[in-house]
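Residue strings, one per chain:
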Amino acid sequence: DVKVTQSSRYLVKRTGEKVFLECVQDMDHENMFWYRQDPGLGLRLIYFSYDVKMKEKGDIPEGYSVSREKKERFSLILESASTNQTSMYLCASSSEGQVGWYTEAFFGQGTRLTVV
Amino acid sequence: AQSVTQLGSHVSVSEGALVLLRCNYSSSVPPYLFWYVQYPNQGLQLLLKYTSAATLVKGINGFEAEFKKSETSFHLTKPSAHMSDAAEYFCAVSDRKGTGGFKTIFGAGTRLFVKA
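One line per chain: the protein sequences are V and G, in this order.
Its first residue numbered 1, the first sequence is counted upward by one per residue in our numbering.
Its first residue numbered 1, the second sequence is counted upward by one per residue in our numbering.
Keep in mind the hints are simulated off the structure, nothing from the lab.
No residue lacks a Cβ here, since even glycine has one placed at the ideal position from N, Cα and C.
Careful: at least some of the hints might be erroneous.
Keeping only pairs whose Cα atoms sit at most 20 angstroms apart, straight-line, the calculated SDA-like set for lysine to any residue is [what the hints assert, rightly or not]:
| no. | chain 1 | residue 1 | chain 2 | residue 2 |
| --- | --- | --- | --- | --- |
| 1 | G | K58 | G | A86 |
| 2 | G | K115 | G | L46 |
| 3 | G | K58 | V | E17 |
| 4 | G | K58 | G | Q45 |
| 5 | V | K3 | G | A86 |
| 6 | G | K49 | V | S65 |
| 7 | V | K3 | G | I60 |
| 8 | V | K3 | G | N41 |
| 9 | V | K3 | G | Q45 |
| 10 | V | K3 | G | Y39 |
| 11 | V | K57 | G | K115 |
| 12 | G | K49 | G | K115 |
| 13 | G | K49 | G | F67 |
| 14 | G | K49 | G | L20 |
| 15 | G | K69 | G | S3 |
| 16 | V | K57 | V | D26 |
| 17 | G | K58 | G | P40 |
| 18 | V | K3 | G | Q42 |
| 19 | G | K49 | V | T103 |
| 20 | V | K53 | V | S65 |
| 21 | V | K57 | G | K69 |
| 22 | V | K3 | G | F67 |
| 23 | G | K69 | G | A54 |
| 24 | V | K3 | G | L20 |
Which chain V residues face chain G? A few, computed with CB under 7 angstroms, are given here [stated by the list, open to error]:
| no. | residue |
| --- | --- |
| 25 | G42 |
| 26 | P61 |
| 27 | E62 |
| 28 | G63 |
| 29 | Y64 |
| 30 | S75 |
| 31 | M88 |
| 32 | L90 |
| 33 | G108 |
Simulated restraints, written as ranges between beta carbons of each label pair [as the list claims (entries may be wrong)]:
| no. | chain 1 | residue 1 | chain 2 | residue 2 | range |
| --- | --- | --- | --- | --- | --- |
| 34 | V | E22 | G | G16 | 38 to 46 angstroms |
| 35 | G | S9 | V | T15 | 40 to 48 angstroms |
| 36 | V | K57 | G | S12 | 35 to 43 angstroms |
| 37 | V | S80 | G | K58 | 42 to 50 angstroms |
| 38 | G | F113 | V | R73 | 32 to 40 angstroms |
| 39 | G | E71 | V | I60 | 23 to 31 angstroms |
| 40 | G | G8 | V | P61 | 26 to 34 angstroms |
If we strip away everything but chain V, and leave its shape as in the complex, we get:
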């Protein structure tokens, strides 16, 4: 089974702290994603990466950065946490598939971050 593991299920941080959310996948997938999930808004893409050291901004990158130094690990960084970043964060990975067509994303369990 494909496994995507997020380092924490629940996290409480203070305003202004630097926060690291870690995600590891064990299926040698090329693509990795960070989403933010809020009620009524669905999943919104923060950043994604299609290769080591490569990253692209998603729809809501402001206030976030990412790091992908190894293929299996994709980190989301909140440079200075704010209360409006309280949310559920979901990491996902996917393979490029055969002949470059898309395969589905596999998700981690999520990290519920509360910024106080």
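Chain V is fixed; fit chain G onto it per the hints.
Only chain G this time, still in chain V's reference frame:
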């Protein structure tokens, strides 16, 4: 840009009744379409996907979806609801980036309630 609209943030059905969750997409190219399910406090799990091989797609747990290009729809159905189907369901469309890689656009989600 591609987008996904899910009609109805909440749907309630009786156990044994038909489940119909609606999804419309916008895309300028043939899309890859997906339905995911999220059970409480878990990540998302793939139900089914459309990749142009067949317009009627069967997924797990008795769900299926029909791709209708003329209506730009990909509605999810199940003939007979079970209590265990209570969850949040997300429709999604993929979008290949010109620089490489894919990103997935998610709808806002539909929460399904099943009454005994």
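Taking the hints in turn, this is what the structure says about them:
1. Proposed proximity of K58 of chain G and A86 of chain G is supported: the alpha carbons are some 19 angstroms apart, at most 20 angstroms.
2. Proposed proximity of K115 of chain G and L46 of chain G is contradicted: the alpha carbons are some 24 angstroms apart, above 20 angstroms.
3. Between K58 of chain G and E17 of chain V, the direct Cα distance comes to roughly 46 angstroms. Violation of the 20 angstroms bound is thereby established for this hinted pair.
4. Under the criterion of a C-alpha separation no larger than 20 angstroms, the hint pairing K58 of chain G with Q45 of chain G is consistent with the structure, at around 15 angstroms.
5. Proposed proximity of K3 of chain V and A86 of chain G is contradicted: the alpha carbons are some 24 angstroms apart, above 20 angstroms.
6. Of the supplied pair hints, the one linking K49 of chain G and S65 of chain V is violated, its CA atoms being roughly 30 angstroms apart against a limit of 20 angstroms.
7. Under the criterion of a C-alpha separation no larger than 20 angstroms, the hint pairing K3 of chain V with I60 of chain G is consistent with the structure, at around 19 angstroms.
8. Restraint check for K3 of chain V and N41 of chain G: satisfied, since their Cα atoms lie roughly 17 angstroms apart, inside the 20 angstroms limit.
9. Restraint check for K3 of chain V and Q45 of chain G: satisfied, since their Cα atoms lie roughly 12 angstroms apart, inside the 20 angstroms limit.
10. Annotation: proposed proximity of K3 of chain V to Y39 of chain G holds, straight-line Cα distance about 17 angstroms (limit 20 angstroms).
11. In summary, the hint linking K57 of chain V to K115 of chain G is not supported, as the alpha carbons are separated by about 41 angstroms, beyond the 20 angstroms threshold.
12. The suggested pairing of K49 of chain G with K115 of chain G is violated, with an alpha-carbon distance near 27 angstroms, which exceeds 20 angstroms.
13. The suggested pairing of K49 of chain G with F67 of chain G holds, with an alpha-carbon distance near 10 angstroms, which does not exceed 20 angstroms.
14. Taken as a hint, the K49 of chain G and L20 of chain G pair is honoured in the structure, with Cα atoms around 17 angstroms apart against an allowance of 20 angstroms.
15. The suggested pairing of K69 of chain G with S3 of chain G holds, with an alpha-carbon distance near 15 angstroms, which does not exceed 20 angstroms.
16. Simply put, K57 of chain V and D26 of chain V have alpha-carbon atoms about 24 angstroms apart, too far for the 20 angstroms limit, and the pair is violated.
17. For the hint linking K58 of chain G to P40 of chain G, the alpha-carbon distance of about 24 angstroms lies beyond 20 angstroms, and the restraint is violated.
18. Note on K3 of chain V and Q42 of chain G: the hinted pairing holds, with a Cα-Cα distance of about 13 angstroms set against a maximum of 20 angstroms.
19. Among the hinted pairs, K49 of chain G with T103 of chain V is consistent with the structure: their alpha-carbon atoms are about 9 angstroms apart, no more than 20 angstroms.
20. Of the supplied pair hints, the one linking K53 of chain V and S65 of chain V holds, its CA atoms being roughly 13 angstroms apart against a limit of 20 angstroms.
21. Simply put, K57 of chain V and K69 of chain G have alpha-carbon atoms about 30 angstroms apart, too far for the 20 angstroms limit, and the pair is violated.
22. Of the supplied pair hints, the one linking K3 of chain V and F67 of chain G is violated, its CA atoms being roughly 29 angstroms apart against a limit of 20 angstroms.
23. Between the alpha carbons of K69 of chain G and A54 of chain G the distance comes to roughly 12 angstroms, so the proposed pair stays at or under 20 angstroms and holds.
24. For the proposed pair K3 of chain V and L20 of chain G, the alpha carbon gap of about 30 angstroms is over 20 angstroms, so the pair is violated.
25. At a threshold of 7 angstroms, the smallest CB-CB gap from G42 of chain V to chain G is about 4 angstroms, leaving the interface hint in force.
26. For P61 of chain V, the interface hint is violated, since its Cβ never comes within 7 angstroms of a Cβ in chain G; the closest pair sits about 12 angstroms apart.
27. A cut of 7 angstroms between beta carbons decides the hint on E62 of chain V: the least distance to chain G is about 17 angstroms, and the hint is violated.
28. At a threshold of 7 angstroms, the smallest CB-CB gap from G63 of chain V to chain G is about 19 angstroms, leaving the interface hint violated.
29. Look at Y64 of chain V: its Cβ only gets to about 15 angstroms from chain G, farther than 7 angstroms, so that hint breaks.
30. Interface restraint check for S75 of chain V: the shortest CB-CB distance to chain G comes to about 17 angstroms, outside 7 angstroms, so the restraint is violated.
31. Interface restraint check for M88 of chain V: the shortest CB-CB distance to chain G comes to about 9 angstroms, outside 7 angstroms, so the restraint is violated.
32. Annotation: L90 of chain V was flagged as interfacial toward chain G, and the flag holds, the nearest CB pair being 6 angstroms apart, inside 7 angstroms.
33. The criterion of a C-beta within 7 angstroms of any C-beta in chain G is met by G108 of chain V, whose closest approach is roughly 5 angstroms, and the hint holds.
34. For E22 of chain V and G16 of chain G, the Cβ-Cβ distance of about 44 angstroms falls inside the hinted range of 38 to 46 angstroms, so the restraint holds.
35. Distance hint for S9 of chain G and T15 of chain V: a CB-CB separation of about 30 angstroms, inconsistent with the stated range 40 to 48 angstroms.
36. The supplied range of 35 to 43 angstroms is met by K57 of chain V and S12 of chain G, whose beta-carbon atoms lie about 38 angstroms from each other.
37. Here the CB-CB span from S80 of chain V to K58 of chain G is close to 47 angstroms, well matched to the stated 42 to 50 angstroms.
38. Against the hinted window of 32 to 40 angstroms, the Cβ-Cβ separation of F113 of chain G and R73 of chain V comes to about 38 angstroms, which satisfies the hint.
39. Taken as a hint, the range 23 to 31 angstroms holds for the pair E71 of chain G and I60 of chain V, whose Cβ atoms sit roughly 30 angstroms apart.
40. The beta-carbon spacing between G8 of chain G and P61 of chain V, approximately 30 angstroms, falls within the hinted interval of 26 to 34 angstroms.
Comparing the model with each earlier hint shows violations of hints 2, 3, 5, 6, 11, 12, 16, 17, 21, 22, 24, 26, 27, 28, 29, 30, 31 and 35; every other hint is respected.
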